[in-house]
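Student: We have chain A; now place chain B onto it with these hints.
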Amino acid sequence: MTANVLLTIRNLRTHFFTEEGVVQALDGVDLEVYEKEIIGLVGETGSGKSVTALSVMRLIPQPGFIVDGEIIFKGKPLHLLSEEEMRKIRGKEITMIFQDPMNALNPVFTVGNQIAETIQLHNDVTYREAFNQSIELLRRLNIPKPERIVNSYPHELSGGMRQRIQIAIGLACQPALLIADEPTTALDATVEVQVLELIKRLRDEFNTSIMLITHDLGVIAEMCDRVVVMYAGNVVEKADVKTIFKHPLHPYTQALLGAIPYAERKKKSRLTTIPGTVPNLINPPSGCRFHPRCKHAMIVCKTLKPMLLEEEQGHFVSCFLYSKNKEFAEREHGVFEPLPGRIVY
Amino acid sequence: MAEPLIQVKNLVKYFPIYGGVLLKEIGRVHAVDGVSFEINKQTTLGLVGESGCGKTTVGRCTLRLIEPTSGEIYYNGENILKFKGAQLNKFRCKAQIVFQNPHASLNPRMKIKDILSEPIRIHKLLPKNEIENRVLQLISEVALEPSHLVRYPHEFSGGQKQRIVIARALALNPEFIVLDEPTSALDVSVQAQILNLLMDLQRKFKLTYLFITHNLNICRHISDEIAVMYVGKIVERAGADELFEEPLHPYTQALLSANPIPDPEAKRSKIILTGEVPSPINPPSGCRFHPRCPKRMDVCDKSEPSYIQVKPGHYVACYLYSNNKS
Chain A
2 MTANVLLTIR
12 NLRTHFFTEE
22 GVVQALDGVD
32 LEVYEKEIIG
42 LVGETGSGKS
52 VTALSVMRLI
62 PQPGFIVDGE
72 IIFKGKPLHL
82 LSEEEMRKIR
92 GKEITMIFQD
102 PMNALNPVFT
112 VGNQIAETIQ
122 LHNDVTYREA
132 FNQSIELLRR
142 LNIPKPERIV
152 NSYPHELSGG
162 MRQRIQIAIG
172 LACQPALLIA
182 DEPTTALDAT
192 VEVQVLELIK
202 RLRDEFNTSI
212 MLITHDLGVI
222 AEMCDRVVVM
232 YAGNVVEKAD
242 VKTIFKHPLH
252 PYTQALLGAI
262 PYAERKKKSR
272 LTTIPGTVPN
282 LINPPSGCRF
292 HPRCKHAMIV
302 CKTLKPMLLE
312 EEQGHFVSCF
322 LYSKNKEFAE
332 REHGVFEPLP
342 GRIVY
Chain B
3 MAEPLIQVKN
13 LVKYFPIYGG
23 VLLKEIGRVH
33 AVDGVSFEIN
43 KQTTLGLVGE
53 SGCGKTTVGR
63 CTLRLIEPTS
73 GEIYYNGENI
83 LKFKGAQLNK
93 FRCKAQIVFQ
103 NPHASLNPRM
113 KIKDILSEPI
123 RIHKLLPKNE
133 IENRVLQLIS
143 EVALEPSHLV
153 RYPHEFSGGQ
163 KQRIVIARAL
173 ALNPEFIVLD
183 EPTSALDVSV
193 QAQILNLLMD
203 LQRKFKLTYL
213 FITHNLNICR
223 HISDEIAVMY
233 VGKIVERAGA
243 DELFEEPLHP
253 YTQALLSANP
263 IPDPEAKRSK
273 IILTGEVPSP
283 INPPSGCRFH
293 PRCPKRMDVC
303 DKSEPSYIQV
313 KPGHYVACYL
323 YSNNKS
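Here the protein sequences line up with chains A and B, keeping their order. Be aware that the first sequence starts at 2, since it is given in this note's numbering, and climbs by one per residue. Be aware that the second sequence starts at 3, since it is given in this note's numbering, and climbs by one per residue.
Pulled out of the complex, with its shape left as it was, chain A reads as follows:
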């Protein structure tokens, strides 16, 4: 595959300096987004999926800061840009759609007004032209009766329609990257498919790369080309979608896949569980952040943090069970004690 890299994130650390302490929300995230691909970010609450997206947009809420790492988008270092330069990229080159469309739309402006605003901000057109472009855009997205929809206010529309409007605003300037943060979590099942099908079509029609953030592995399997599995602010595994589901390497990914009930699995069988809960990131576990819940935990997991290394072609994993990380541990520690007993909790 010789696809071009659109976005590269290297060793990204975003911390929140709260009164209770420093929340290490992202602890060295590495990922890249290629052109015209749908990449899925999956993980539980607090794994850092949304913070990764907000870091790329440079929209991290107070008191959060990017403390280390780099974000390179089309050769431009986003983490170094001034707020003014960043504003030219936001909404034009990179756009984001949020989980709850009601909070993302302005209740006192019509939908057409809001789409036109985005178009006018980044293009030299009159309001009338921008407004007509927004009708055209809605038509391209197969939204019924676009002439009527543009004149309605968000509260007059259903949840699914509001989410489509958000997508339309996101696409108004034909961005290179669309970040969708749980776009269908608030929607009903039959409406969810409609919106997912729409997002899938965008890639072909608008040549947009899509970063899809979700906790639903079903959505990941249906939509994505590649998957990034996150846990407690780290990328634990990264591979194409078939590899992740057929041949997961990291114990967390394996457990996560075992924990979802689904139709083909034998009814009333026991699900694999992961003991404990997602750790507190003010005081995260040492070494590998998953080790207190991991059934393969070794001594080395507690002392040394594994790196995200390419174990097989295109399949990255951050775990000492695999050869590349064992070599890394040997280099760091001198000698890698082969499984010096298990940690029992």
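Just to be clear, a hint being listed does not mean it is correct.
[To be verified] Below, computed lysine-lysine pairings styled on DSS-like, alpha-carbon distance capped at 25 Å:
hint, chain 1, residue 1, chain 2, residue 2
1, A, LYS146, A, LYS247
2, B, LYS297, A, LYS146
3, A, LYS146, A, LYS201
4, A, LYS201, B, LYS269
5, B, LYS269, A, LYS243
6, A, LYS247, B, LYS11
7, B, LYS11, B, LYS96
8, B, LYS272, A, LYS201
9, A, LYS37, A, LYS247
10, B, LYS272, A, LYS243
11, B, LYS11, B, LYS313
12, B, LYS269, A, LYS37
13, B, LYS269, A, LYS247
14, A, LYS37, B, LYS272
[As the list claims (entries may be wrong)] Partial selection, computed: residues in chain A whose CB lies under 7 Å from chain B:
hint, residue
15, THR46
16, LEU218
17, ALA222
18, ARG227
19, THR244
20, THR278
21, GLU333
It is worth saying that the hints were derived from the structure and are not from the lab. In this text, a Cβ means the ideal position worked out from N, Cα and C, and glycines have one as well.
Tutor: Same frame as chain A, now just chain B:
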């Protein structure tokens, strides 16, 4: 032969809407509009549907937490809508509920031991000196530590709180528990813990569940039978495997095909419905699914299809399967 613990016949619940200057009744939400089902002892009935279809209202009506507009609900052959006083109190011991949001289900000012002993004290189930033992037993049933008893709810995570809510529901030795989306507020790994726990408790205490959810995968996993609701009506009911392998109603077929399968190589043929769920204030005429139905016929918007048994244990309300198409 399995005998039903709960039998619901033609349950109807309308919520009035008041408006205008004099606050007169100007409309009604047809939340539940003629629903019938039964749940056999020690089995689980899964109730699935999209938001606003009335599944929570059904759950609350079967416990008489809200009074139905009309219909009959039998518990062990007795109509609970006629229960009064002591008899109703006794029923309240036998039927419990677990809500969706564990954070809102626990009083933040009470310690866990007080939360768990409160139902026992109210119903005077045990003498005072035995309550503590019972509370210790309950906390171990849901795999928490006795040291947790002296803590307050805010010290627990969502999954732990849901365990406490389940322990409280078990305090009175119930036979029937309504589980209203018990895992939707939880993460995947914690959700699996709670589902396993619920299945273990069902076996151990011979419980009967009404499991309300919008997640089809969870529903199939835990249920023996599944009923699918759409805008206040049950459109189809069958055994869990049969419903998944051979869905009859076009809505069930669409709902199943919309269900994301966590397997990138699975074969998919999506039925994508147009439009959205109609409002229960002014539901469509005839079959309520007809405006979105891909297999709509002339008769569908004129009269309502009856809910008939097409195969043993498989009920459906659709003109495609009824013989009297008049």
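Student: Evaluate each hint against the coordinates.
Tutor: Hint check results:
no., hint, result
1, LYS146/A to LYS247/A, "violated, 43 Å"
2, LYS297/B to LYS146/A, "holds, 24 Å"
3, LYS146/A to LYS201/A, "holds, 22 Å"
4, LYS201/A to LYS269/B, "holds, 17 Å"
5, LYS269/B to LYS243/A, "holds, 14 Å"
6, LYS247/A to LYS11/B, "violated, 47 Å"
7, LYS11/B to LYS96/B, "holds, 20 Å"
8, LYS272/B to LYS201/A, "holds, 14 Å"
9, LYS37/A to LYS247/A, "holds, 24 Å"
10, LYS272/B to LYS243/A, "holds, 20 Å"
11, LYS11/B to LYS313/B, "holds, 20 Å"
12, LYS269/B to LYS37/A, "holds, 24 Å"
13, LYS269/B to LYS247/A, "holds, 15 Å"
14, LYS37/A to LYS272/B, "holds, 23 Å"
15, THR46, "holds, 5 Å"
16, LEU218, "holds, 4 Å"
17, ALA222, "holds, 5 Å"
18, ARG227, "violated, 11 Å"
19, THR244, "violated, 9 Å"
20, THR278, "holds, 5 Å"
21, GLU333, "violated, 30 Å"
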